[in-house]
Amino acid sequence: MSNNTSEEKRINLKRRELLKGLATVPIFGLFLVNLWKKIRRDALKKANLLSDLVQEKSVPTIISGLSDSRHLNIGIIGYGGRGSHLIRGAGFATKGWTDIVSENARNNKLDKQFETFMTQENLNCSLIGVCDLFDVRANQGIDASKNEIRPGGKPKTTAIRYQHYTDLLENQDIDAVIVATPDHWHSRITIDAARAGKHVYCEKGLTRTFDEAIKVYNTVKNTGITFQLGHQNRQVEANYKAKQIIEQGLLGKINLVELATNRNSPWGAWVWGIHPEGNAKTIDWDTFQEPSPNKIPFGEEALKRFFRWRCWFDYGTGLSGDLLSHDFDAINQIMDLGIPKYASSTGGVYYYKDGRDVPDVWNATFEYPDKDLTVLYSATLSSNDPRGNRIMGHDATMQMGGQSGGGSVHGFVVKADPESTQYKERLESGIINQQYPIYTYSPGSKQIDGVTSATSRYFANKGLLYTYREGKRVDPTHLHVKDWLDSIRNNDQPKCNIEVALHEAVACHMATESYFQGRRIEWDPVNKKLI
Amino acid sequence: MNYLDSSIIKNAYQLYGLVTLRVLIGWHFLYEGVSKIINPYWSSAAYLLDSKGPFSGLAETIVSNPTLLSISDYVNMWGLAIVGASLMLGLLCRYTALIGMGFVILYYLFAPPLLGLEYSKPGEGSYIIVNKNLIEACALWVIHSFHSSHVIGLDRFLSNPKSN
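Chains as they are written, first to last, in the working numbering: chain Z, 203 to 733; chain U, 489 to 652.
None of these hints come from the bench; they were simulated from the model.
Quick reminder that beta carbons are idealized off the backbone N, C-alpha and C, glycines included.
Check the hints yourself; a few may be wrong.
[To be verified] List time: in silico DSS-like cross-link candidates among lysine-lysine, alpha-carbon distance up to 30 Å:
hint	chain 1	residue 1	chain 2	residue 2
1	Z	LYS573	Z	LYS543
2	U	LYS498	Z	LYS216
3	Z	LYS211	U	LYS620
4	Z	LYS543	Z	LYS730
5	Z	LYS417	Z	LYS573
6	U	LYS540	Z	LYS239
7	Z	LYS617	Z	LYS240
8	U	LYS498	Z	LYS311
9	U	LYS540	Z	LYS314
10	Z	LYS445	Z	LYS423
11	Z	LYS626	Z	LYS455
12	Z	LYS445	Z	LYS455
13	U	LYS620	U	LYS498
14	Z	LYS455	Z	LYS314
15	Z	LYS240	U	LYS620
16	Z	LYS222	U	LYS498
17	Z	LYS311	Z	LYS348
18	Z	LYS617	Z	LYS573
19	Z	LYS497	Z	LYS483
20	Z	LYS314	Z	LYS573
21	Z	LYS348	Z	LYS543
[To be verified] Residues of chain U clear of chain Z, computed beta-carbon distances all greater than 12 Å:
hint	residue
22	TYR595
23	VAL618
24	HIS632
25	GLY641
26	ASP643
27	ARG644
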């Protein structure tokens, strides 16, 4: 009996031992059950959203290797701020620039500018001709052509400086030219270059006037050269993804697109520095102002106009050609809009009363009656409030970071409309929560996901991962120059070819004309005229 | 009995309190880890990039080096999950409580709520100097000091039964 009792006690003790040891295991089980439930719920949510939303997840790849096929000699006409960036895109930077950015990289490990430049693909080209009306910049261009710190190592040749672009075009060794002068020179240089058989990369806006745009279009078509307009947004992945989403009808019927420019600094308003070495000896002022409607003698005013040319209609079209053109081209890329039927615009010089004649607040509307669509463009140079761009559909709105100084969103987010027809059931059943985007695209992250986590929203808003796309940051300007050079080699059409360039140019000129004439401007597509 | 012998738990209330604390912290760690493991897009980069204070330099170094960043991601994902599971099940808790403490202290140091430091990601509470990370670190200190897993938990099978 006593033996039995002690045996029972022993078993009881053992059982108690076991129970105590395993006491928390059921809680672990509870955790696993809940985790399983959560994973299933998320998967269901994802399946419900993504099966419709994303049919194809791949983003455009960078095809490398084409550059090997044929060495190209290029020339630059206009080696200013933009010109030097384009030439960097081709693989040539001044010693001064590489010194500064490599120093920046040493001081700040997160500054990847130098690394981005050095890891660019070697585009197998040489910069052999430089033309700039300002001696300092022309010399910088020469310096860039021979700087050994570049992707691909030591350059093959040193560029020659040409006083006038026509001399540069006479060099038979030059295959292609980059035109990065002020807008009032674009058409003449592009037309002459095309006639000389050179392929052209021209900065935006295409031209200063509507008539010039038509002439450029005709010449490029007739000569058959490879022409690229400088809208590097054509290389931006977010725009491809946005196009895909819209083509899948995920926004429903789109009747309104809002584009915005928001800048609030003298630099953003083109009040750029006047170079201390800029004077009558170092600047060829007469040549500079040759194509402009109004001429002034060289002096203090001329210096201002030389370095801040975007502030005057004599040399450009202000917000229209500089900033609207970017956003218009991006939306044209995403939605294939083409040239609008009507355009009207208003605005004025309301903040920067510094002698400029281009407006600093300017709003334009573009009508596409055949597409049941209005595109609104609103620009201010005296507020930095990041409005971004919005494509507004009956079922959902796509909010994008602006192409030009606007938008806290990098990439885009799509939010369902509470009154959506397409998403009605999902909104009612709670599968789509209105508080959260149904789709988020953050360039640089792998975040292609219908279920938006706090982390991805954080990334989307800050664009932090833009620096870390697959561990490598790529400059769209480099891709755009590469696209052009590859197209020359393949006798192909680049992404911002003359057809889409004409859309941008005509739309912008319609809006500019409306501002001048104070009335609505109509496009006559048959006669290629403005009415 | 030495009153400084911290492994002594005097009564059941203390024991249940400690076990509950351990299991709850374990649950928190385990889910933090698992949620990162199952999210293929998670990265510690965002947290590190927003780092302020004494460890921000180290954070920058980690973020700017893809290998270090990837190590940091894996250590966080699996470290949190393993520590969490261990605390819940009461397995090797003496060590994992210390490791867990190390984790939260690092989170605290990479983003301390000190006066004058502003973070771009809004916190989920209001703190000066003391935040939930610091409190959780201290709670893990307590877990480490009292061996509740030797009484309730798998550690019971690993330790000498007579001592309990």
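Outcome of the hint check:
no., hint, in the structure
1, LYS573(Z) with LYS543(Z), "holds, 10 Å"
2, LYS498(U) with LYS216(Z), "holds, 23 Å"
3, LYS211(Z) with LYS620(U), "violated, 46 Å"
4, LYS543(Z) with LYS730(Z), "holds, 12 Å"
5, LYS417(Z) with LYS573(Z), "holds, 28 Å"
6, LYS540(U) with LYS239(Z), "violated, 37 Å"
7, LYS617(Z) with LYS240(Z), "holds, 23 Å"
8, LYS498(U) with LYS311(Z), "violated, 54 Å"
9, LYS540(U) with LYS314(Z), "holds, 20 Å"
10, LYS445(Z) with LYS423(Z), "holds, 27 Å"
11, LYS626(Z) with LYS455(Z), "holds, 15 Å"
12, LYS445(Z) with LYS455(Z), "holds, 14 Å"
13, LYS620(U) with LYS498(U), "holds, 28 Å"
14, LYS455(Z) with LYS314(Z), "violated, 41 Å"
15, LYS240(Z) with LYS620(U), "holds, 25 Å"
16, LYS222(Z) with LYS498(U), "holds, 17 Å"
17, LYS311(Z) with LYS348(Z), "holds, 27 Å"
18, LYS617(Z) with LYS573(Z), "holds, 23 Å"
19, LYS497(Z) with LYS483(Z), "holds, 18 Å"
20, LYS314(Z) with LYS573(Z), "violated, 43 Å"
21, LYS348(Z) with LYS543(Z), "violated, 49 Å"
22, TYR595, "holds, 15 Å"
23, VAL618, "holds, 23 Å"
24, HIS632, "holds, 17 Å"
25, GLY641, "violated, 6 Å"
26, ASP643, "violated, 8 Å"
27, ARG644, "violated, 4 Å"
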